[in-house]
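Enquirer: So the chains spell out like this:
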Amino acid sequence: MKIEFWGQEFKANLWIGIPGAFLIAVLSSMFGFGGGPFMVPLMTVFMRLPMYVVVGSSLLAIFFNTLTGSLRHYGFGNFDLVFFLIMFPAAILGGFIGPRIAKRLSPIVVKRVAVVGLLILALSLLGVF
Amino acid sequence: MKNFWKLAIILMFTIAFSTNIYAEQQSVTSAETQKEGIVLQVDKKELSGGGKIIVTGKAPQGKDVYIEIWSEKNVRAARLDADPDPKTGKRPYIFYMTDEMPAFYTLIVPEKYKDVLDQAKKEGGKWSVSKVIKDAGADAVYGEPAKRKIERYQTTLWASVIGSRGTLLPPMDEKDNKRRSMQLLKAKFRSVETIFSSKLKIAQDGTFTAELDLPSNAAPGKYFILAKVDKELKSSLVTVENKVTLPNVYLSNAGRTVNLFGPFFLALVVTTFGVLMGAGGGFILNPILVLLGLPHTVVAGTVMPTVLFSQASGVYNYSKIKFINWKLGITLGLAMILGAFIGPKLTELITLAQFKFIFGWILIILAALMFWQTTPGYLEKHKKEQAILKEFKKRAEEAAKKKAEGGK
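So the protein sequences, as listed, match chains S and E. First residue of the first sequence: 0, per numbering that gives the first Met the number 0; consecutive thereafter. First residue of the second sequence: 0, per numbering that gives the first Met the number 0; consecutive thereafter.
None of these hints come from the bench; they were simulated from the model. No false leads were mixed into what you were given.
As a list, the in silico DSBU-like pairs of lysine-lysine whose alpha-carbon atoms are at most 35 Å apart: (1) K10(S) - K402(E); (2) K10(S) - K400(E); (3) K10(S) - K321(E); (4) K383(E) - K1(S); (5) K10(S) - K319(E); (6) K319(E) - K110(S); (7) K392(E) - K102(S); (8) K321(E) - K102(S); (9) K382(E) - K401(E); (10) K102(S) - K380(E); (11) K392(E) - K10(S); (12) K1(S) - K400(E); (13) K321(E) - K1(S); (14) K389(E) - K1(S); (15) K402(E) - K1(S); (16) K400(E) - K102(S); (17) K110(S) - K326(E); (18) K401(E) - K10(S); (19) K355(E) - K174(E); (20) K102(S) - K319(E); (21) K110(S) - K389(E); (22) K383(E) - K402(E); (23) K10(S) - K393(E).
Generate coordinates for the entire structure from the input sequences, incorporating the hints supplied.
Expert: This is the structure we're talking about:
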C-alpha cells in the first residue's frame, strides 16, 4: 500500500503489517497491556517506515485496539468499576508526573532498569522464583 | 400535653414488649430445631475487616462434624474443560461458568483428616477438590457450592474466533453440577488452604470447637455457617456479618476487599515509570496485580480501559498537527480491531497458570526489545530519527498554527 506523509511517498508492506498488527492486538487485549512497544518496532523495523510516520499512525491503530478490547472485556463482565475508579486517576496522574521527571533522567539508564525489572517479573511469573 | 406523654409512654412500652416477645419466640424455635440436630454457636456476630471466629457446638456423640462457611456475596468462576477423555482421548472443550460462586467458601473438616489436606498440598497444582472431599469423608456434607447453578457452553475454535462462548448446553443434573462445582472451586480459589481447613476439634461427648480466620480481603456482608454430620443431620444456619469500612473497598467482580490506596499508589508508580521507559504501565501493573492474587480476567479487563483516554487525547493532539496517516492507521487499526475482538475471549478460556506462562515470555521478549534499544548501534540510529522527528513535528506545529491564524 502506498501512503503519503507530508509530501513524501512511502510503501507500507501490509503482508507483514496486517498479520503483525492482528497478532499484537490479540495478545495485547488478552493480557490487557498497551500494544505500543510492539507496534512501533513492527512498523519501523519490519515495515521499514520512518519513525515520524509511525508515531501518530501507530497510536491511532492502538487506540482502536484498546477501544475494542475494553468493550469486549466489558461485555464478558470482566470490568470492575470500583477497581477502575481507583486506578484511572492514578494513571492520569502518572501521565502528568512521568514527562516531568523524564527530562532529568537518562533514558538509557531508565531502559536498563526497566529491562532488569521486566526480567525479574517474567521469572516470577514463570515460577522460577 | 399530659395525654401526649401518656400516649408516648404506652406506645414505647408496646414496642419494647412486642419486640421482646418476638425475640423470645425466635429463640424458642431455634432451640427446638437444635434439640434433635446439632447445636451451633459463634463467639461473635460481627466482624470488621475479617478476623477470627470461634465456632462451638454439640453434635451426637461419636459422629464426624463438618462446618461449611460461605459468603452472601457471589463471584464468577469459570473453567474450560479441555482434558482428554480417558476412554476416547477426545477433548471436550466445554466451558463451565457460574456467576453464583460464593466469594468466600471454606469447608472445615475434623482435625483427624489433616493428613488428607497435607497430602493434597504436596501434590501442588494438580490437587483435586473431589479427592480431598472423598478422602476426608465429606461427600455427604459438601453442599453449598454444589447447589449453585452452573452454565456450560460447547466451545469450538470457530466460536472462539468470532468471540462467542459457544452454544449453551442444557443444564446438568444434580450429580454433575456437584462434580463441576468442585472443579470451579479449585479454578477460583486454587489453593487447598483457602477451600479447606482442619481446625476442628471434636471431643468424645460430641462437643466441638472450630476456628475460622476470615482474611482481611474477604467480602463484606453476611457469612453463613452450617455444621453438618450428613445430608439430613445439620444445625440451623448461623449468620455473621463482616463489615468493610473505608479506606477498604470491595471489588465486586474480583471478589476481594482491598485498601484503595494500595492499587492507587501501585498504579501511580507503575504508570509514571511506564511513561519513562516508553512502554505502557500494563506490562508491569498486570503481572503484579495477578501475582497479588486478583483474577487475571478482571485485571486484564480493568487495566486496559485506563489508558483509553490518554490514547484518545494523544490521537487528538497528533491529528491537530496532521501527524497521522489515516490510511495507514485505519488499515492497521482494522486488523487490530479483529485481534482485540478475539483476545478478551481467550483471557476467559485460559487458566491462571497459562496466563502467567505466556505473560512471562511476552515480558522476556519486551525486555530483549528494550535492551536492544540501549545498544550503541540502535542509539545512533535513534538519535538521527529523533532529530528528524523533532524537525517534522516543529514544521507540522507551525503549519497548524499558521492555518489557525489564517482561519481567523
